[in-house]
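*Asks:* Fit chains B, C and D to the known structure of chain A by using the hints.
Protein chains: 4
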Amino acid sequence: MTQTQPLDLDALATMSGLDQLMAMRDGLLPPAPIAETLGMVNFDGEHGSISVELDPELRHYNPLGTVHGGVISTLLDTAAGCSVHSTLAAGEGYTSLDLTVKFLRPATVDSGRLRAVGTVIQRGRRTALAEAQLFDGAGKLVAHATSSCMIFS
Amino acid sequence: MTQTQPLDLDALATMSGLDQLMAMRDGLLPPAPIAETLGMVNFDGEHGSISVELDPELRHYNPLGTVHGGVISTLLDTAAGCSVHSTLAAGEGYTSLDLTVKFLRPATVDSGRLRAVGTVIQRGRRTALAEAQLFDGAGKLVAHATSSCMIFS
Amino acid sequence: MTQTQPLDLDALATMSGLDQLMAMRDGLLPPAPIAETLGMVNFDGEHGSISVELDPELRHYNPLGTVHGGVISTLLDTAAGCSVHSTLAAGEGYTSLDLTVKFLRPATVDSGRLRAVGTVIQRGRRTALAEAQLFDGAGKLVAHATSSCMIFS
Amino acid sequence: MTQTQPLDLDALATMSGLDQLMAMRDGLLPPAPIAETLGMVNFDGEHGSISVELDPELRHYNPLGTVHGGVISTLLDTAAGCSVHSTLAAGEGYTSLDLTVKFLRPATVDSGRLRAVGTVIQRGRRTALAEAQLFDGAGKLVAHATSSCMIFS
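Chains as they are written, first to last, in this note's numbering: chain A, 1 to 153; chain B, 154 to 306; chain C, 307 to 459; chain D, 460 to 612.
Some hints could be false.
A few chain D residues that face chain C, going by a derived Cβ cut-off under 7 Å, partial list only [said to hold, decoys possible]:
{"id": "1", "residue": "Ile493"}
{"id": "2", "residue": "Ser508"}
{"id": "3", "residue": "His527"}
Keep in mind that the hints were calculated from the coordinates and are not lab data. All of these numbers come straight from a predicted model, not from anything done at the bench. Backbone N, C-alpha and C fix where the C-beta goes; we use that ideal spot for every residue, glycine too.
Bound-form chain A, shown alone (with noise of 0.2 Å):
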């Protein structure tokens, strides 16, 4: 029980970038409001590498009849910022200073559920770059993205 008591900011402040992901994955600390808004799911990882996962529903859908490209990019931005994330040491920070999304298939409710998979390809002191790939059900690739983000202390 007392695994899914919430952990304090000063916890928070003394763990590293993984440590705080997973203490998310495991309920110590509550799920990024956006994760619940859209229905994201099976948030997972390790250290430089975050996976997340969510099942297309209608009101995922552009006017076009497929699933919006910005819930595509959440996707993807989710696991590639948070494969940053991942790699940080206690009293690091990250922000995301770009997202470039290559959508290259369509995706519906029959596409099954989709797994953004995330990779840190390189890290500095002041900045990383990570992509992240979207899959569908079928393992085919739906979408495919890199993110540039700045580390500070």
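*Replies:* Structure of chains B, C and D alone, referenced to chain A:
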């Protein structure tokens, strides 16, 4: 009252892109589902330029305490893509190939209403390039995006 | 005649970015080596906006018979980066983090003189965003770019 | 000896993209003019992946004393675009729609030979996405790029 009757698909196919978007604005076509899910408002525009707005809420947040980059991307993708849509002749369609977002300033619930304004930079026969700017309530630039679209018949 | 004497490094360190660039334009500083290698001409501008030109030659071509995308990227990177450079105070430096180029129209030796015009979209304390447009001799938009830069002291 | 005779246009039209590129590598087709202008060497590869190299020289420099971002972009654009070219069937053509470059580390004449390696990430009927990585002589990642291409018959 007849104004608020929904349009059927046959009618839709004979309308220009701008007429379709203005019908959506006027409630003659249903709004984009993602627009309702996230709370976009004030969809409007003209040939080559579409804007949309959103009041930031806590449910739009990332774990860092600001509006998630994916929500910002969704607003920019909507403004850019719909700007291209507004240039379509009856019978033409489009698909977004990419979205490149630059995050310039964090947005929070204290930012005031966010306003995304899209503009078509180039319109060829088979491709189009649009940019979009996102402003906060004080008129400061929060983010910038470009998006390439493919046009088809 | 004293006008054409090269500036020394001590002098350089006390100049604003714009003064440095205008000294380069006026021959008081040597031109960028790449500008000579590729044949860039008419480097000029003001605070926040720098332009440069190039007459397409066969030696700029790719195997497809048009000006190589890398040459187009070089012009856009120069215009965008130098636009940011033109906003630097004495003692500040910058580095380009990225360059996103959209190729809109092929350029050839028949395109006339190409003109790249950069503009700073946003200038923060630590980052800046610039865009650049490349026009052909007829004023048509050949390519578009955005570039994020990091500012340091 | 007959091996070194240039191929004529009729022969070219019946060759796959990879055969065309390998003919260029083997001197049966003239090299890309920009490759000679900048000094690219060791063009090589296979279906879906093309690499090219360059020894940094002072003439490649920007005014900041490092290899100009445009030269880096040219190497990445070549590797990415040719990787897509290598997947073309006889009679197919392609054009690059964009190039997104992330500059990760400065390159100088002390960096050793630069090596750009392109890879096709996705190949559809009408579009393709490639990425390219640029390594220095020590194998460190200097820059990264993605490029979307349009395929046509």
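*Asks:* Compare the structure with each hint and give your call.
*Replies:* So, going through the hints one by one against the coordinates:
no.: 1; hint: Ile493; verdict: holds, 4 Å
no.: 2; hint: Ser508; verdict: violated, 18 Å
no.: 3; hint: His527; verdict: holds, 4 Å
Hint check: a violation occurs at hint 2 only; the rest are consistent with the structure.
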